[in-house]
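Chains as they are written, first to last, in my numbering: chain A, 1 to 112; chain B, 113 to 231.
Keep in mind the hints are simulated off the structure, nothing from the lab. Each statement offered as a hint is correct.
Within a straight-line C-alpha distance of at most 30 angstroms, the following computed BS3-like cross-link-like pairs (lysine-lysine) qualify:
#, chain 1, residue 1, chain 2, residue 2
1, B, Lys132, A, Lys104
2, B, Lys153, A, Lys68
3, A, Lys42, B, Lys178
4, B, Lys153, A, Lys104
5, A, Lys42, B, Lys126
6, B, Lys167, A, Lys42
7, A, Lys104, B, Lys178
8, B, Lys167, B, Lys132
9, B, Lys176, A, Lys42
10, A, Lys1, B, Lys176
11, A, Lys104, B, Lys176
12, B, Lys167, A, Lys1
13, B, Lys178, A, Lys1
14, B, Lys153, A, Lys42
15, A, Lys1, B, Lys153
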Amino acid sequence: KQEVTQIPAALSVPEGENLVLNCSFTDSAIYNLQWFRQDPGKGLTSLLLIQSSQREQTSGRLNASLDKSSGRSTLYIAASQPGDSATYLCAVTASGYSTLTFGKGTMLLVSP
Amino acid sequence: GAVVSQHPSRVICKSGTSVKIECRSLDFQATTMFWYRQFPKQSLMLMATSNEGSKATYEQGVEKDKFLINHASLTLSTLTVTSAHPEDSSFYICSASPLAGGGYADTQYFGPGTRLTVL
Numbered sequence: 001k002q003e004v005t006q007i008p009a010a011l012s013v014p015e016g017e018n019l020v021l022n023c024s025f026t027d028s029a030i031y032n033l034q035w036f037r038q039d040p041g042k043g044l045t046s047l048l049l050i051q052s053s054q055r056e057q058t059s060g061r062l063n064a065s066l067d068k069s070s071g072r073s074t075l076y077i078a079a080s081q082p083g084d085s086a087t088y089l090c091a092v093t094a095s096g097y098s099t100l101t102f103g104k105g106t107m108l109l110v111s112p
Numbered sequence: 113g114a115v116v117s118q119h120p121s122r123v124i125c126k127s128g129t130s131v132k133i134e135c136r137s138l139d140f141q142a143t144t145m146f147w148y149r150q151f152p153k154q155s156l157m158l159m160a161t162s163n164e165g166s167k168a169t170y171e172q173g174v175e176k177d178k179f180l181i182n183h184a185s186l187t188l189s190t191l192t193v194t195s196a197h198p199e200d201s202s203f204y205i206c207s208a209s210p211l212a213g214g215g216y217a218d219t220q221y222f223g224p225g226t227r228l229t230v231l
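The shape of chain B in the complex, shown without the other chains:
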């Protein structure tokens, strides 16, 4: 149980294009989903927290107009990287916390990640 999927697993795009990454909770409903970015040999950095049906909360320094997050249902959140540039190339990982149960600090399930390469 508690499986989180991401699609695509790997994407290569040209500079200036937009890319959408999907994060799905397959066997539970997620009230809260998180998006992280990880550069090589660096720690995971939280980009934003999204709650179903409301606007995402972005961390300081993350451009909300560049990284569009939509959490339209309890099982799906999407991250759209708009007008991507080579510096956006990174490993993007989502996580989801179930609807029921304690705080999300105890129960956060991670997706397998999406490798984005912008040429």
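Just chain A, with the same shape it has in the complex:
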């Protein structure tokens, strides 16, 4: 059974810092990996999706990498801003028609 772990569980940084969120998964036979953002009491917003054949994806200040063989992904946030404060969730799928397995998330707080 696939298990997804995210470290750290919570992170507090001052504005402007670059930071890295980590995600690991136990079964490396994944189809894709996604990073989501969840604001308090809200739904999920997809940030980046990495197919199993890809090594990284970038969107603005966000960069996600994938090392499928080692079962790891990182989300790099450059020049953090208070508006980045949210919970970041990592999720993997086993195939194109399988469901998402989520980690517990990393709660990020960026202070002005």
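Chain B: place on chain A using the hints.
What follows is chain B alone, placed relative to chain A:
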């Protein structure tokens, strides 16, 4: 595009009553919809997968007679929590995958969630 709504956003009910939560895809047709539950500081746990016009597929440990799912159209799925108890209090989130395009692992759009509190 690809907007999913949920109604209500927040509901408080008494123990023993039933609550219905709606999930709608506003600008696309959803062949498959998913219902998740999220407890505080926990990950989203898939409860069931529903396809339009057929019975939902429930995950292990989810009581299908307690959590009734109806996917009567390509834009609407409902989750009814029957005889709700305080332990059912949680954040319920739906997601939907469009009719056209690849597998739903690539294209799943999430609703804003419904906070259920059972007194």
